[in-house]
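2 protein chains.
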Amino acid sequence: MNIDGKHYRTIWLKEDDPTVVQIIDQRPLPHKFLIEDLKTVAQVAAAIRDMHIRGAGLVGATAGFGMYIAALNARKDMPFMDQLVAAGEQLKATRPTAVNLAWAVERQLKAIAAVDGDITAKIAKAKETALAIADEDADFCRRIGEHGVKIIEEISKAKNGAVVNILTHCNAGWLAFVDYGSATAPMYAAHDKGIKIHVWVDETRPRNQGARLTAWELGQHGVPHTVIADNVGGHLMQHGLVDLVITGTDRTTYTGDVGNKIGTYLKALAAKDNHVPFYTALPSSTFDWDIRDGVKEIPIEQREGEEVKYIQGMHAGEMVSVLLTPENSPAANYAFDVTPARLVTGLITERGICEASEDGILGLYPEKKKS
Amino acid sequence: MNIDGKHYRTIWLKEDDPTVVQIIDQRPLPHKFLIEDLKTVAQVAAAIRDMHIRGAGLVGATAGFGMYIAALNARKDMPFMDQLVAAGEQLKATRPTAVNLAWAVERQLKAIAAVDGDITAKIAKAKETALAIADEDADFCRRIGEHGVKIIEEISKAKNGAVVNILTHCNAGWLAFVDYGSATAPMYAAHDKGIKIHVWVDETRPRNQGARLTAWELGQHGVPHTVIADNVGGHLMQHGLVDLVITGTDRTTYTGDVGNKIGTYLKALAAKDNHVPFYTALPSSTFDWDIRDGVKEIPIEQREGEEVKYIQGMHAGEMVSVLLTPENSPAANYAFDVTPARLVTGLITERGICEASEDGILGLYPEKKKS
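Sequence lines, in order, name chains W and P.
As numbered in this note's numbering, residues 1 to 371 make up the first sequence, in order.
As numbered in this note's numbering, residues 1 to 371 make up the second sequence, in order.
FYI, nobody ran anything at the bench for these hints, they're computed from the structure.
This one's a predicted model, so the numbers in the text were calculated from it and none came from an experiment.
C-beta atoms are modelled at their ideal positions from N, C-alpha and C, and glycine is treated no differently.
Do not rely on the hints blindly, as some may be mistaken.
[Unchecked claim] Facing chain W, according to a computed beta carbon distance under 8 Å, are these residues of chain P, among others:
#1 2
#2 5
#3 320
[To be verified] Covered by chain P, per the in silico footprint, the following chain W stretches (three or more residues, Cβ under 8 Å):
#4 221-230
#5 248-259
#6 264-278
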């Protein structure tokens, strides 16, 4: 998508030196826009571990590029593939629960090992595979946009072209993928088609991914939006100010239960209570084909209470962290919740839109049916 | 309630000089505990206007004391009652929508005007009335506690004495009244009786009254509590970690619709979805006897978006304000929402507990029946 009118992805090869990987360092956003060069596996590992980049799709793509860098930098006095396996282990250790990370490393190892040629040919293959992983991620998100935009288009028509108000939670935007995003892809597609939209951006406490990242990327691309406290969505829906909710997801069961950033469940309840359609957008890699009951079985990460007690922001040109609570009051920090399928109107995937149910999902992904 | 083991109200006459009114300046809480002397009507007006104190009950009590100070400070070369009427106007202008403020001023004017004696007798009456207003506020809250504690006691028995987990939103604590609070009164009563409780404190964005004030007052009184982001309550309820919700209210219709801090509606939806009892505690002065449909008719204050974009906290020993969003992203700031009566299990008033319905409420307040 665009930043200051120029098209960017979240990761790419440097234009005049394709041995350097470049990323947007997301930590100082929205206050500073910094591009970072990655030239060594250690730098790539640090970028993932210390969250210069985050988001399922982007973590996978970054690991893919990391393996290309490992191939480029391999020493000639040591076995080539051994070094790549070691680099893969180093990358996988940075965020052990990220499914896409391990998947990208394994895909690279297989592709490179299969090359019947010299090291130059293997490096070329690693580069080609890294670019393919990134392109596929962007392509899946683009297709989510193509399918999802139809929902927005219909609402727009029903409103005779009046502004369609969409509420989103957290950042399932292009900063979490290589381009387009999942939840945001239909919004960008609608905006680019000239459909009038306005996005209510939940700030998404405690880490404020909405207020920091979603607001920034929508603003940069020129999409009208308004930041709101997480408490506000229900009131807006009661008063007809939300036409549609679209969220992303970290894990969705094959029965349609949606695991996503804490607070998603509350918005889904309000949507149901006010007959507002509630959609979740996801590439199919986010489905969990083994879990039936999301509320009972999706593990919910508990993070440090300090993330609730302190918050970072800009003060006098500097990022500072301020204490919000009494110093001695404990805080709990559940990072995700699960929205039962009964509250989800539908899922927007790269293959199309389906009901949030076993039948709906397996209808789009029949190869996943268990015999 | 107690601060560092010593009993305080939120407003009182100075022990060694009853011509001075003392309040807790709530602005630097929870980081600093400051007592402020009020000796002139201008100081009282500033304390109300600039929110050194806030909360329906406390605003009323402060206005009552303000009229006593006006009587004390009246010039002898001007008509006494004219000066009091002018002071009353000055006080009422500070927060024009606060019902209790005007009510306290009028009560004082009537009481003082009715005194058949000299100025000394009138001053004595103003002092007596100010103390009576404060005492009545505290007494109503104490009675709310006596009624509400029965609900907690029952849950405690059903759990064989295991900890009762109560969730609350915003600050309907003793800092909003003269003592005890409304939503917190049953909690303090339970704690003081030795019933094991633990309170989940919603931080209550954007002004964080929960994280700042409720956490502080519960902590000072020794009540176990945990601060959570406003997004968390639904997840906790899904997993059986909330036994009871108690909130306050800014205005409740005689049909049982509850206007309260933005986000209350989302918690009520989650409580309903998970069969968790949801109670609202209020002195009867908070009922609106004229409004039938709360969602349609209770006016919702929209405040400055800056309150969402910036937040205050403690950094290196100083209170600083930090920017959370992109500088150019707009923010909306709806301050209240309305929870329909169908989601409210019951109301806890100074006269007892009733259903959140016209029949339930008029059963407790039969004198309000319209013929």
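Quick rundown of the hints versus the structure:
1. 2: For residue 2/P, the interface hint is violated, since the closest Cβ of chain W sits about 15 Å away, which is over 8 Å.
2. 5: violated, 15 Å
3. 320: holds, 5 Å
4. 221-230: Coverage by chain P holds here, the residue count being 6 at a Cβ distance below 8 Å.
5. 248-259: As far as the stretch 248-259 of chain W goes, the hint is violated, because 0 residues have Cβ atoms under 8 Å from chain P.
6. 264-278: holds (count 6)
Consistency note: the structure conflicts with the earlier hints numbered 1, 2 and 5.
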